[in-house]
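Engineer: Single-letter residue listing:
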Amino acid sequence: MSWAGRVVGRSDPQKLGAVEVAGPPRQPDGCLVEAEGLSFAYAEGDRRVVAAAGISLRLERASCTALLGPTGSGKSTLLFLLRGLLEPDSGAVRIDGLAPGDAAFTAAQRSVGVVFQQAERQLFAVSAREDVAFGPRQLGWGADAVSAAVTEALEVVGLPEDRFGDRHPYSLSGGEQRRLALAGVLAMRPRALLLDEPFVGLDPGARRDLAATVGRLRGGGRTILLATHDVDYAWALCDERIVLAEGRVMAAGPWSFDAEGVSVLTANRLRVPSLVELWQRLGRPAGEAPRTAAAAAEALL
Amino acid sequence: MKPTIAQHYPGDSVLHRLDPRAKIVAVTVLAVALFTRDSFIALAVYAVAAAVGLALSRVPLSWFWRSLKPVIWLVAIAFLAQVAFAPGPSFAHFGPFHLSWRGLELAAYLSLRLVVLVLTGSLLTLTTSPVALTDGLAWLARPLRRLRVPTEELALMVTIALRFIPTLLVELEAIMRAQRARGADFSHGGLLRRARALVPVLIPLFIVSFRRADELALAMEARCYVPGVRRTRLHPLRASWGDVLVLVLAVGAVLTASLV
Chain G
0 MSWAGRVVGR SDPQKLGAVE VAGPPRQPDG CLVEAEGLSF AYAEGDRRVV AAAGISLRLE
60 RASCTALLGP TGSGKSTLLF LLRGLLEPDS GAVRIDGLAP GDAAFTAAQR SVGVVFQQAE
120 RQLFAVSARE DVAFGPRQLG WGADAVSAAV TEALEVVGLP EDRFGDRHPY SLSGGEQRRL
180 ALAGVLAMRP RALLLDEPFV GLDPGARRDL AATVGRLRGG GRTILLATHD VDYAWALCDE
240 RIVLAEGRVM AAGPWSFDAE GVSVLTANRL RVPSLVELWQ RLGRPAGEAP RTAAAAAEAL
300 L
Chain Y
0 MKPTIAQHYP GDSVLHRLDP RAKIVAVTVL AVALFTRDSF IALAVYAVAA AVGLALSRVP
60 LSWFWRSLKP VIWLVAIAFL AQVAFAPGPS FAHFGPFHLS WRGLELAAYL SLRLVVLVLT
120 GSLLTLTTSP VALTDGLAWL ARPLRRLRVP TEELALMVTI ALRFIPTLLV ELEAIMRAQR
180 ARGADFSHGG LLRRARALVP VLIPLFIVSF RRADELALAM EARCYVPGVR RTRLHPLRAS
240 WGDVLVLVLA VGAVLTASLV
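Chains as they are written, first to last, in numbering that gives the first Met the number 0: chain G, 0 to 300; chain Y, 0 to 259.
Heads up, a few of these hints could be off.
Derived Cβ-Cβ restraints for the label pairs, each shown as a range [stated by the list, open to error]: (1) G/D88 to Y/W64: 21 to 27 Å; (2) Y/E172 to G/R280: 42 to 48 Å; (3) Y/P69 to G/A266: 34 to 40 Å.
Which bits of chain Y does chain G cover? Going by a derived footprint, with three or more residues having C-beta under 8 Å, they are [to be verified]: (4) 18 to 29; (5) 170 to 176; (6) 179 to 190.
Read the hints as simulated data drawn from the structure, not as lab findings. As the structure is a prediction and not an experimental result, all values here were calculated from the model. By construction, the Cβ of each residue, glycine as well, lies at the ideal position given by its N, Cα and C atoms.
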């Protein structure tokens, strides 16, 4: 594996961080998104299906957190709740210290970008450039700002505008389409990025390209929440993890692979990342396990 | 997140177990007969028939209310129109409108008839699954095959369409949510602006639907679907004495109503 989670790529972090949606000033504490006691149930016919049962969490500024959980554990619902696309039955989300009802809250919400599952399904424009421009235009930016945002977003996801800008979205490969959808969200210059199962349904090459893109983004000072059940990519890309099951937080904070840390994964239809398992089998401290195969090779040889 | 179509209430009542063909014919007979005789007593007979059906169906009344709700405005307008413009000696005036006993009577009759009609119709749709309904209609339409109408294929198309409505609604919701997250606004602006706002939703929805249709067609072919071939059924329609009884009761109600 040549992609390295921690590589800061071509995108210049200063530049990415510099232009921001008009929003409230940064809070002194490091927390960007905070949820408290979020509960939500879907009405299915006459039944109610609980998807979030009192979820509290904090996403620190510029952190990269994995949201792990088996299918149906409520990962997508949680992302929708954090972005305000669903109204919680109880509990509240604070973004940048702002609560719902505060004047600037809507603007703060807009600074949270969500990349949906199978995001390529939201592509609709006649060219990659036009599709990425949709979000910034909805935000009411001027033509120059839109075009700069589009160029930058396409660059970050590895679809440089000069080669891909005029392509029809549906003429791109599956992996390219997904990265294009990601660019559509990035162009709005979100400060936080919520990714919903971004690797699902992609071939290994496309996954690797996407992981490299996410790696570049975390270098850009963005707050990232990566919902996935792919523990290997989660381990490679994220410093912390939140384990979700049946709408509840089972564990949160830095990775831990003591007996409890392992069982919270295995008990919830997840597993220990391969490289961590390798380190465990080699009798080395799991906490020192490398994030990438390249780093593992370096440590072993 | 599964939207349910309000039209069918799954259950296991006497009415649920009846052959869909018998229910379709009985309801059609009652509905047509409802309009052939103008008398409160005849209407009462049909109302009683519908009430017995309601009780037998064991469907919560709120579900019948749900199917009544969309037509309640129609009922209200019909009522007001009749009250306002009906003939006969009037007993009160409001500007150009004058109230008459005859008008009130007519308004009450027509509104009640509409309510009974909707309730009778809901008895069919609430106790019959869409698939059974289509099967029943396909069977009843069989004579049309002599005229080379592909009734089986049409029935299959309807069944598939019904099957995919909830799926498409889920899809629609997901796409709208995604575009909303990208700043799309579906609820503000004039008609034109709102219509334009739907473009980012409709294009992906079409593409997903066509892709799905393609996949379904391939999957059906892979499972040896050949159009126009006579097929057997997993649940063949079988009429029982209960079905005959329903038809007899329906005709009985019509006869009673026309004799009283």
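Engineer: Hints first: check each against the structure and report whether it holds.
Structural biologist: Status of the hints after comparison with the structure:
The beta-carbon spacing between G/D88 and Y/W64, approximately 26 Å, falls within the hinted interval of 21 to 27 Å. The supplied range of 42 to 48 Å is met by Y/E172 and G/R280, whose beta-carbon atoms lie about 45 Å from each other. One distance hint, 34 to 40 Å for the beta-carbon pair Y/P69 and G/A266, is violated here, with the actual separation near 49 Å. Using a Cβ-Cβ cut-off of 8 Å, 0 residues of the stretch 18 to 29 of chain Y lie near chain G, which falls short of the minimum of three, so the contact claim is violated.
Look at the stretch 170 to 176 of chain Y against chain G: 3 of its residues bring a Cβ nearer than 8 Å to a Cβ of that chain, three or more, so the hint holds. Three residues within the 8 Å Cβ limit are the bar, and the stretch 179 to 190 of chain Y against chain G gives 6, so the coverage statement holds.
Comparing the model with each earlier hint shows violations of hints 3 and 4; every other hint is respected.
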